[in-house]
Amino acid sequence: GQQLNQSPQSMFIQEGEDVSMNCTSSSIFNTWLWYKQDPGEGPVLLIALYKAGELTSNGRLTAQFGITRKDSFLNISASIPSDVGIYFCAGPYNNNDMRFGAGTRLTVKP
Amino acid sequence: NAGVTQTPKFRVLKTGQSMTLLCAQDMNHEYMYWYRQDPGMGLRLIHYSVGEGTTAKGEVPDGYNVSRLKKQNFLLGLESAAPSQTSVYFCASRRQGASTGELFFGEGSRLTVL
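Going down the list, the sequences are from chains A and B.
Following my numbering, the numbering of the first sequence begins with 1 at its first residue and continues without gaps.
Following my numbering, the numbering of the second sequence begins with 1001 at its first residue and continues without gaps.
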């Protein structure tokens, strides 16, 4: 089945720093999604990408759909303490199933 | 708005016991899903439903059963719990016509099987 590999597994950064994380796949995806999970909560959709090469922003977050359609990147600018959480990439496996990466755990030190 | 609500939030079971997790959504969504989340493995789909009265298997269905008797509810059952089913379970829903990935998740149910 399709595998999604996220890196890094965890990040410890200082408030105000920029963050970059990525996700790679063993096969092509037609859609890439990025979710954030706050501690003790369910994941929440941040950004959805539908076209190879697409660059989409949501506030301080920017995500890109890789040209090869096998990768995606998420950047967070000027991090703040509430950015803490686990960030998951995901892609549709079929019409009703998603494959999720293992997540990047972000810690922001004030 | 309640969105997706899961009950119970926490449960401890002994091996061999049975239990049911309830998911309720008030958004009139057609599609509902049960995922499990384990450390270092992301979320994996257990079962899903594309409408009232329908269910289908996901990636890791063994040891679980589901029912969707009402559109707003999706139940996940464990007939004979095993320690390998210790996990955090998430229910999600999606409206018809939305992208596959536009899921709304509940807050999760943490299950420990001793």
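Derived by calculation from the structure, the hints in this document are not laboratory data.
Keep in mind the model is a prediction, meaning the values are calculated, not measured.
Cβ coordinates follow ideal geometry from the N, Cα and C atoms, glycine included.
One or more of the hints may lead you astray.
Claimed, not checked - Here are the simulated DMTMM-like cross-link-like pairs (lysine to aspartate or glutamate), alpha carbons at most 20 Å apart as the crow flies:
no., chain 1, residue 1, chain 2, residue 2
1, A, LYS51, B, GLU1102
2, A, LYS70, A, ASP38
3, B, LYS1009, A, ASP38
Unchecked claim - Pulled from the structure, derived: some chain B residues nowhere near chain A, Cβ distances all over 12 Å:
no., residue
4, GLY1016
5, ALA1056
6, GLY1101
Run the distance test for B/LYS1009 versus A/ASP38: straight-line Cα separation, threshold 20 Å.
Cα-Cα ~16 Å, so holds.
Straight-line alpha-carbon gap A/LYS51 to B/GLU1102, limit 20 Å:
holds, 16 Å
Classify the label on B/GLY1101 as holds or violated, using whether its beta-carbon is more than 12 Å from each beta-carbon of chain A.
violated, 4 Å
Beyond 12 Å from each Cβ of chain A, as asserted for B/GLY1016
holds, 29 Å
Check the hint pairing A/LYS70 with A/ASP38 against an upper bound of 20 Å on the C-alpha distance.
violated, 26 Å
Does the claim that B/ALA1056 lies outside the interface with chain A hold up, using a Cβ gap greater than 12 Å?
Contrary to the label, B/ALA1056 does not stay out of reach of chain A, its closest Cβ about 7 Å off (not over 12 Å).
Of the numbered hints listed earlier, those contradicted by the structure are 2, 5, 6.
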